[in-house]
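Protein chains: 2
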Amino acid sequence: MDSKVTYNDLVIIGAGLAGLMAAVWASRLRLDARILDDKVERIQYGRADGLHVRTLEILDSFGMANAINQRAYQLREICSWNPDPDDDCKIQRTERIRAKEEERGRSCQLGIHQGFIEQNFIDFIQREGRIHIERNTKTKSLQLEDALMADHTAHPICLRIERTAGNGNTADEVRTPHEEIIKARYLIGADGGHSWTRDQIGLRIDGGKTKVHFGVLDIVPITDFPDIRVSCSIHSTKTGSTMTFPREDRLVRFYVPLAETGSEGDDFDTSKVTPEMIAEKASQILFPFDRGNRVFLVGDAIHTHSPTMGAGMNVSMQDSYNLVWKLGQVIKGVAQPGILDTYNDERQSVARRLIEMDREMCEFYEKGAGSDAHNYDEFYERFRTFLSGVGVEYGPNALVVPAREDDLWDSKPCTDLDSSRCRRRHSRRSLASRISIGQRLPSFLVLNHAEANIVHAHSMLPADGRWCQLVLAGVISKPAQMARLKTLCERLDADSSNLRTYTPEGDKANSVIEVLTIHAAPRRKVELFGLPELLRPFDPELGYDYWRCYANNNEGEEGDFDDAYAKWGVDKDEGCLLVIRPDQYVSLLCRLQEVEEVKQFFSTILVPHKRRKTIAAALEA
Amino acid sequence: MDSKVTYNDLVIIGAGLAGLMAAVWASRLRLDARILDDKVERIQYGRADGLHVRTLEILDSFGMANAINQRAYQLREICSWNPDPDDDCKIQRTERIRAKEEERGRSCQLGIHQGFIEQNFIDFIQREGRIHIERNTKTKSLQLEDALMADHTAHPICLRIERTAGNGNTADEVRTPHEEIIKARYLIGADGGHSWTRDQIGLRIDGGKTKVHFGVLDIVPITDFPDIRVSCSIHSTKTGSTMTFPREDRLVRFYVPLAETGSEGDDFDTSKVTPEMIAEKASQILFPFDRGNRVFLVGDAIHTHSPTMGAGMNVSMQDSYNLVWKLGQVIKGVAQPGILDTYNDERQSVARRLIEMDREMCEFYEKGAGSDAHNYDEFYERFRTFLSGVGVEYGPNALVVPAREDDLWDSKPCTDLDSSRCRRRHSRRSLASRISIGQRLPSFLVLNHAEANIVHAHSMLPADGRWCQLVLAGVISKPAQMARLKTLCERLDADSSNLRTYTPEGDKANSVIEVLTIHAAPRRKVELFGLPELLRPFDPELGYDYWRCYANNNEGEEGDFDDAYAKWGVDKDEGCLLVIRPDQYVSLLCRLQEVEEVKQFFSTILVPHKRRKTIAAALEA
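As you go down the protein sequences, you meet chains A and B in turn.
Note that the first sequence covers residues 3 to 623 in my numbering.
Note that the second sequence covers residues 3 to 623 in my numbering.
By construction, these hints were calculated from the structure, which means they are not laboratory data.
Hints are not guaranteed to be accurate.
Treat identical chains as interchangeable: a pair holds within one or across any two.
Claimed, not checked - Think about it this way: if two alpha-carbon atoms lie no more than 20 Å apart in a straight line, the pair counts; the simulated EDC-like pairs of lysine to aspartate or glutamate are:
| id | residue 1 | residue 2 |
| --- | --- | --- |
| 1 | K527 | E79 |
| 2 | K102 | D564 |
| 3 | K527 | D562 |
| 4 | K334 | D573 |
| 5 | K102 | E560 |
| 6 | K615 | D509 |
Full structure from sequences and hints, please.
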């Protein structure tokens with residue numbers, strides 16, 4: 003039987019959390035993408051349940067946070083229970099720890115079952131109507147044509163799939179042949195711990211398993227234990243250790259360490275583990291996250307860990323969030339294929355830290371009631387920033403130009419993707435002393451200049467695949483600062499500017515790079531129409547754009563929003579210019595006058611629209 | 003042709019905003035209710051667009067606020083523009099006024115089209131699946147059997163309806179006969195300004211029209227007028243007056259006064275209008291909101307006003323919100339039919355104030371650029387509290403026991419519904435000096451004792467038809483105060499208590515009256531299981547109820563929630579006991595020791611469950 007052959011830019015294998023997140027991004031970016039899953043329907047509940055601050059921010063960037071926030075359990079307190087020294091048959095509360103995650107972001111940690119999040123993703127994909135989740139679809143073989151791998155306009159991936167009957171979509175069954183061959187430019191393996199994709203590209207994860215096995219149990223407990231509705235770390239002399247985490251709908255999850263198994267060999271004595279040993283071990287078991295920048299692994303397909311971290315859902319979704327905007331830009335010809343290197347670079351280092359912390363956490367529970375257990379606050383504090391996801395820091399690499407202590411710029415600008423040469427360029431940390439380059443932009447409440455409406459800075463940066471030049475314009479009610487802003491805007495708008503170089507003719511000027519402003523003048527002293535038109539551009543159909551200029555709340559005098567400049571450590575008389583990636587991470591920080599540096603940055607990663615036409619022609623040929 | 007005859011407890015005529023809100027309540031209360039509409043589908047947009055603070059609280063009590071908040075325009079600023087004194091061909095901004103509604107509630111005023119709210123109501127009703135919106139259904143005749151009107155177990159309403167084909171629901175069409183007679187216990191006329199129901203019961207609204215007619219225009223303006231995205235009051239010498247109000251999706255609504263018409267007679271000189279004249283006029287045109295406590299009019303069917311107030315949606319929905327929980331309690335036999343009197347009493351006074359303010363607002367725009375126009379802030383301030391809806395005050399009546407200045411109780415308790423006698427009882431205002439009896443309970447952020455989660459006090463009071471005894475228990479870490487609380491709980495839980503008297507045997511103890519606690523002890527000094535079981539009751543299936551006990555943030559020391567006691571004016575060493583209606587209005591305020599007063603209050607309005615059985619038997623006969 004001759005199979006039908008179809009050509010697609012992107013194929014996602016697996017419609018679990020990581021795969022669905024990839025499909026959500028692909029749908030939003032209007033990619034020619036497909037998502038396949040061998041099961042009949044989504045899992046009902048799923049094993050994961052903890053949702054961290056950064057993950058909620060990501061969901062919010064797709065407009066999905068409200069529904070989840072409304073349903074989820076919110077973690078506000080963690081209690082530590084230990085044996086009563088007077089009677090070790092009993093346990094007593096030794097610590098209450100306030101879960102301070104909300105200070106790091108806009109939310110606290112949530113407890114919600116994986117199935118609910120997946121349903122939100124499915125609803126999103128169906129509402130946008132561009133991608134159809136192909137269930138009951140098995141992958142049969144995967145071949146890579148080596149000769150085509152370097153040509154990013156080619157389709158080097160050959161995937162043979164087979165759809166069995168009974169996927170519930172009758173119209174689809176009739177139209178779709180039984181077997182199909184997909185030629186794809188890129189492939190994402192989101193097919194879980196026993197990843198078929200991973201096997202096909204010759205990777206095998208075998209080490210890295212801890213000796214401790216955890217049992218996870220979701221129940222509606224009927225108990226008079228007073229801390230049942232907060233998260234607890236419980237050590238008891240008689241019955242061992244337990245961790246609890248409350249959930250939505252009266253549920254509580256219990257993590258119980260089970261008997262050890264000797265999978266790592268008998269000479270592995272956990273009492274002798276040092277941090278160095280853990281780090282060494284972790285690096286041994288980490289495989290590359292991609293194959294030739296054409297096949298990418300996300301989620302459980304590439305990293306595993308115990309359930310104690312509550313990290314499962316988060317790291318998986320964040321893998322896909324990190325990857326797909328880059329793929330989208332390369333597929334569309336907006337960015338150079340070299341940026342795909344950063345996926346492995348950025349996510350592997352996250353996975354490494356996750357594995358380290360996971361081992362440490364497991365040991366904590368394995369050890370039982372000891373001295374550590376009585377300082378749970380200190381112990382937990384070490385994990386907090388990383389686990390919440392807001393402490394994740396990327397780079398230096400092609401997409402992140404880090405700060406240097408001495409704040410000097412190298413005179414010789416970087417002109418290509420060679421990272422050893424790029425490292426000579428630096429962001430100016432002192433301009434925004436509390437913004438970390440390579441971390442996501444911390445979000446504070448700012449005021450829309452035209453509507454006087456209070457919004458989170460992140461709401462200005464929705465997940466739409468665009469870069470952002472964020473102009474922190476300073477006190478523009480002062481004539482000198484306004485003059486500086488006008489000069490900046492002239493340069494941003496010049497023929498040779500980033501906006502003109504990378505935006506295809508006929509597209510809106512902000513279709514590749516958005517320009518947003520937050521000024522620090524008293525709002526009453528600035529008229530929107532006194533600003534350069536670039537900052538409140540005109541569209542013949544829609545009128546002026548009133549949603550690109552915002553005001554800071556200087557010294558908190560103007561109402562119920564933030565002095566974001568102070569919180570970001572930005573001088574109001576100086577201001578600064580930030581380049582922000584489509585995933586809200588900060589790439590570059592420089593002076594308002596340093597437009598050249600921004601141009602240099604983009605020149606190493608984006609493709610001028612004139613060259614893009616050539617690529618498009620090659621693709622069609 | 004013999005028509006089918008059906009018996010229903012409640013029929014709602016009209017599926018606009020007021021009717022749908024009534025149906026939402028009826029669905030939530032599981033009433034045997036129907037809603038009829040003569041149109042094929044809901045209006046697409048609708049004329050109303052302003053949503054005030056109190057209305058959003060009401061929507062939130064049904065879990066609908068988030069979706070609306072996410073979509074709507076948020077009003078944060080109002081600007082006043084007037085002729086330039088140097089060149090009256092020009093106008094200039096003379097004032098900026100911060101829209102301070104959020105200080106009165108949890109939100110600001112919103113701009114969102116009526117159709118969106120209606121769709122949320124329709125979705126809610128369909129999701130609950132208990133009530134089907136019967137469209138294409140015409141009302142043909144309405145008769146009231148006078149002999150049955152006084153018997154609230156009878157069905158004195160005889161409504162003949164006719165359903166035409168093509169309502170899109172095929173299964174339904176087949177099953178339903180063409181004509182039907184509904185015998186109903188209660189009827190709500192929510193059929194708009196030209197209300198058929200109103201005509202049938204012999205009411206005619208004819209006066210009360212202002213001479214000024216407003217044109218209302220929704221457009222996406224393309225303009226460089228700088229304040230187009232805030233609400234403006236504009237007076238120009240050359241082109242008259244305009245009011246603007248921005249909306250969702252780039253829309254802006256313009257209110258333009260058109261030519262006057264002489265409908266009120268030529269001797270009505272608006273320049274000579276005094277407040278007294280307006281009040282007199284208003285009272286003349288107000289008709290009773292009900293007929294014999296069996297047929298009720300809500301929304302535009304009973305009050306009309308100009309669009310300038312942005313009050314249309316709000317007052318209509320609030321009518322239904324006020325009415326239907328009372329109807330529900332009477333239909334179920336929980337409350338005495340006499341409480342239905344309070345609907346006319348409470349909503350007519352609101353309508354009266356609305357008409358007064360509406361006239362004042364119309365005159366303001368009619369007068370044009372004058373001295374008033376330059377003090378828009380002062381002018382608007384007079385309207386603010388009432389318009390936001392949070393200033394609405396009900397009673398004194400059977401459901402509201404007001405405060406008296408001298409704070410003394412009459413020694414002789416009230417024993418029936420005769421309002422002249424009830425007025426001898428009083429709430430003790432000094433116990434909660436900033437809570438107004440007869441207004442809705444102001445909501446602040448409190449901490450759930452078991453989960454340490456921060457929630458709004460209103461979230462403890464969802465729209466589920468239950469009364470609430472809110473125990474502000476004070477500093478219960480002090481033994482004397484804890485003893486007082488225990489005594490209170492013993493009395494609340496005694497055989498002769500409200501909970502036992504009014505809750506049917508076999509039902510959960512809180513099915514009619516909920517008991518909620520907010521204590522003012524440091525949370526760490528109180529264990530949930532040290533509280534009387536009434537405040538964290540046990541259910542054999544669900545376990546303990548962790549969502550009924552909350553903590554206050556004394557002096558704001560414990561985190562990011564409120565010192566609600568201070569904001570309510572409650573002494574932390576004294577505490578108090580509040581009775582709150584199912585619509586969140588405060589009925590009664592007394593000391594923790596004064597359980598007898600609460601019993602007296604409920605005895606005049608509720609029906610003991612033992613007597614209810616007799617009524618149920620009569621209904622079945």
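>> Checking an output row: K102 and E560, CA cutoff 20 Å. Within, between, both or neither?
In response: between (27 Å within a copy, 12 Å between copies)
**Message:** Cα distance capped at 20 Å. Does K527 pair with D562 within a copy, between copies, both, or neither?
**Reply:** within (19 Å within a copy, 33 Å between copies)
Worksheet item: 20 Å Cα cut-off: does K615 pair with D509 within a copy, between copies, both or neither?
Response: Cα proximity of K615 and D509: one copy only (14 Å, versus 73 Å across).
At most 20 Å between alpha carbons: which applies to K334 and D573, within, between, both or neither? Intra 38 Å, inter 65 Å, cutoff 20 Å: neither.
### Task
Check K102 against D564 for me: Cα-Cα at most 20 Å, and say if that holds within a copy, between copies, both or neither.
Both. Shortest intra-copy (19 Å) and inter-copy (17 Å) distances satisfy the 20 Å Cα cut-off.
Open item on the list: At most 20 Å between alpha carbons: which applies to K527 and E79, within, between, both or neither?
Closed with: Answer is between: at 15 Å across copies they meet the 20 Å cutoff, but 44 Å inside does not.
In terms of the numbered hints stated before, the structure departs from hint 4 and from no other.
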